[in-house]
Structures are given as C-alpha cells and as structure tokens.
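A.B. asks: Each chain is listed here by its residues.
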Amino acid sequence: EPEVTQTPSHQVTQMGQEVILRCVPISNHLYFYWYRQILGQKVEFLVSFYNNEISEKSEIFDDQFSVERPDGSNFTLKIRSTKLEDSAMYFCASILGPLQNIQYFGAGTRLSVL
Amino acid sequence: SQQGEEDPQALSIQEGENATMNCSYKTSINNLQWYRQNSGRGLVHLILIRSNEREKHSGRLRVTLDTSKKSSSLLITASRAADTASYFCATVSPAYSGGGADGLTFGKGTHLIIQP
Chain X
12 EPEVTQTPSH
22 QVTQMGQEVI
32 LRCVPISNHL
42 YFYWYRQILG
52 QKVEFLVSFY
62 NNEISEKSEI
72 FDDQFSVERP
82 DGSNFTLKIR
92 STKLEDSAMY
102 FCASILGPLQ
112 NIQYFGAGTR
122 LSVL
Chain Z
196 SQQGEEDPQA
206 LSIQEGENAT
216 MNCSYKTSIN
226 NLQWYRQNSG
236 RGLVHLILIR
246 SNEREKHSGR
256 LRVTLDTSKK
266 SSSLLITASR
276 AADTASYFCA
286 TVSPAYSGGG
296 ADGLTFGKGT
306 HLIIQP
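Protein sequences, first through last, are from chains X and Z. Numbered by the working numbering, the letters in the first sequence go through residues 12 to 125 in order. Numbered by the working numbering, the letters in the second sequence go through residues 196 to 311 in order.
Hints are computed from structural coordinates only; laboratory data are not their basis. Computed from a predicted structure; not experimentally measured. No residue lacks a Cβ here, since even glycine has one placed at the ideal position from N, Cα and C. Please note that the accuracy of each hint is not assured.
Take a look, some chain X residues computed to stay more than 10 Å from chain Z by CB distance [stated by the list, open to error]: (1) 99; (2) 112; (3) 118.
Computed from the model, here is a short list of chain Z residues facing chain X with C-beta under 10 Å [said to hold, decoys possible]: (4) 215; (5) 219; (6) 221; (7) 237; (8) 304.
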C-alpha cells in the first residue's frame, strides 16, 4: 500500500541551526501538509500546500518556517533558525484531491533542538 | 478556544470490553474524523463522519455525531490488546472547506490501554 515517507526519523540539532525535514508524499497526491506535535500535546496544523504554493497556514507557521516542493516527489519543511521550543514530532500528510478528506500521514520526524 | 477536546484523557479497560471515547468541538464543522496513533508513530485514519450524518460504522468502530451538542463519540467494541493507542478526533471547518487544502484541527486525544 502506498505510504507517506519521512526522513530522517530523528534529527538532533543545535539551537540556531537550520534544519530541513523531508517528506515523500504518496505519488499521485496533490495536496500536502505539515503538522507538529510537541511531546504530550495535540497535533497542530502548520501549513498546507497545493500547486506549488502555500494554501493555508497557521499562526505557528511564522517567517522561520518555509516549505518547498523541489522536485516531483519531495516536500520539505525548513526551519531557518531553530529554537528549543521547536522540539517536536513533525508529521507530513497528503491527500489525493480536493474532495478527499482523509489525510495520509507519515511516521514523523522527531526534532530535538539542544 | 480549543477545538476537538477528547475525554477521557486516559482509559484503561480489559480486553474484550467496549471502549468509548468522546470528543467535543466549538465551531461548526464540515466533517469529523477519528485517527489512531500508536506510540511514537504517525496517525492512521479510522473513520470519517460528515456533518449531515448521525452515526457511522466500520468494523468494530462506531462513531456518532451530535451537531447540536457539538460532540462525537467513538466506540470500539470487543477491544483487543492491539487497540492500545492514542485516539484523536479531528475536525474540518466549513470556513476552509472546498479549497481542498483544509488543515485538520486535532484534539488532545484519549490514551487507551487494553489490559490482556
């Protein structure tokens, strides 16, 4: 069964460093999402992406964050200057099209900012 | 305000018993979904119920939706040890629907433990 894959599974970085989290959505899906989950808290929506541009973003998604689809398969989340509070699980998700409400999630990347 | 608040926060039952989890939300919705998350893993979609539906079944899962009370419940019948996980409700608001890029709003989840 097709799945969303995320790499790396765990990323450790120093505060102030830039990190790029990578996702390969399901191949024929058109809409892509990033969510984060701080330990012990709820999953929070960050951003959605369609047709090579951001469709919707939350208040969390400030200027430190950016997303990109550099090629036909990858979807990346970049955090320019990481802070301690960016430590969380980051989930990528995708859907086939606008009428498909079910989002398919990857296993996540655990980001640890030291 | 918090959208999608589940209760209880934690639930421990014996294998074979039924587990019921509840979710409340504050704004109007287009649909409500339940997801499962095993420890340290991603979210797996379980079931979706639309705002014009009141009840839906899928295998051992039964979901109800009461839009007047802005609440939903997830019932897992004949629980198994493998059902041990965290369960989240997630909503999509009509304000964003139609664009196809609707971000889900998740609750804090119910951690379900099935004792063998």
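A.B. asks: State for each hint whether it applies.
C.D. replies: For each hint, the structure was consulted:
1. 99: The claim holds: residue 99(X) sits with its nearest Cβ about 13 Å from chain Z, beyond 10 Å.
2. 112: About 6 Å separates residue 112(X) from the closest Cβ of chain Z, which leaves it inside 10 Å; violated.
3. 118: violated, 4 Å
4. 215: Cβ of residue 215(Z) sits 20 Å from chain X, so the hint is violated.
5. 219: violated, 14 Å
6. 221: violated, 14 Å
7. 237: With Cβ-Cβ at 4 Å, under 10 Å, it holds.
8. 304: holds, 7 Å
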